[in-house]
Amino acid sequence: MRISTKFTYEDLKLIPPDRNRYEIVDGELFVTPAPRTLHQRIVGNIFASLHQHVRQHRIGEVFVAPYDVVLATGTVLEPDVLFVSNSRVRYIGEDNLSGPPDLAVEVISESTKRLDREVKLKQYALYGVSEYWLVEPEGKNVEVYRRQKEEYELAERLGFGDTLNSPLLPGLKLSVASLWGS
1 MRISTKFTYE DLKLIPPDRN RYEIVDGELF VTPAPRTLHQ RIVGNIFASL
51 HQHVRQHRIG EVFVAPYDVV LATGTVLEPD VLFVSNSRVR YIGEDNLSGP
101 PDLAVEVISE STKRLDREVK LKQYALYGVS EYWLVEPEGK NVEVYRRQKE
151 EYELAERLGF GDTLNSPLLP GLKLSVASLW GS
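Under our numbering, the first residue of the sequence shown is numbered 1, with each subsequent residue one higher.
Treat the hints loosely; a few may be bogus.
What the hints assert, rightly or not - Simulated crosslink set (EDC-like; lysine to aspartate or glutamate; CA at most 16 Å straight-line):
hint : residue 1 : residue 2
1    : Lys13     : Asp95
2    : Lys140    : Glu110
3    : Lys122    : Glu151
4    : Lys113    : Glu78
5    : Lys122    : Glu143
6    : Lys122    : Glu150
7    : Lys13     : Glu94
8    : Lys113    : Glu138
Hints were generated in silico from the structure; no laboratory data involved.
When you get a sec, could you build the whole thing from the sequences and use the hints?
The structure is reproduced here in structure tokens:
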């Protein structure tokens with residue numbers, strides 16, 4: 001006889017804090033190690049640029065991991081950076097975001113490659129995240145996915161010399177090279 005354990009958000013909250021990241025998808029627990037320096041540098045640069053732009057234009061809020069995004073009782077993700085527009089601020093709670101952000105950004109690490117490219121890509125699309133950015137530190141590029149119906153289409157693949165623009169963030173001109181700056 002096989003016993004199956006499905007994790008919920010309540011279970012997730014009981015895990016003592018350590019240097020790992022814990023996420024659940026359809027009740028399955030995913031554990032990944034703390035990110036490396038380059039990953040954190042890129043995340044910090046994305047957050048700083050988006051936060052400044054969003055605050056200046058008063059179009060919502062930007063958050064950085066660790067911050068739980070509760071999409072369902074058994075699906076809780078933790079994007080590296082996320083943007084919540086004014087139309088979705090009702091999802092922002094005291095402890096988490098209980099609904100989809102407009103934008104989720106993941107910086108790929110060796111330990112999270114499959115999770116970011118396959119699992120999270122499908123889950124973010126399924127739950128209504130309008131745009132998903134995948135940043136590849138080693139390749140120095142950014143893939144931008146936009147939701148069409150209930151799945152993502154690759155809208156653009158940007159290289160180190162390109163500029164990222166998004167309909168979610170009017171007026172944003174984010175140099176891809178600036179993401180690697182220290």
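- Take a quick look at whether Lys113 and Glu78 sit within 16 Å of each other, Cα to Cα. With a Cα-Cα distance of about 14 Å, the restraint between Lys113 and Glu78 holds, given a limit of 16 Å.
- Does the structure keep Lys122 and Glu151 at a Cα separation of 16 Å or less? The hint holds at about 7 Å.
- Message: Just to be careful, I want the Cα atoms of Lys13 and Glu94 compared with a cutoff of 16 Å; is the pair within it?
- Response: Measuring from Cα to Cα gives roughly 14 Å; hence the hint holds.
- Query: Given the proposed pairing of Lys122 with Glu143, does the C-alpha separation stay at or below 16 Å?
  - Reply: holds (15 Å)
- Item | Straight-line alpha-carbon gap Lys122 to Glu150, limit 16 Å | Holds, because 9 Å separates the two Cα atoms, which is no more than 16 Å.
- Starting from Lys113, check that the Cα of Glu138 is at most 16 Å away, please. holds (12 Å)
- Task: Assess, step by step, whether the Cα of Lys13 is no farther than 16 Å from the Cα of Asp95, and give holds or violated.
- Result: Measuring from Cα to Cα gives roughly 10 Å; hence the hint holds.
- Query: Holds or violated: Lys140 with Glu110, Cα cutoff 16 Å?
  - Reply: holds (14 Å)
Hint compliance for this structure: every hint is met.
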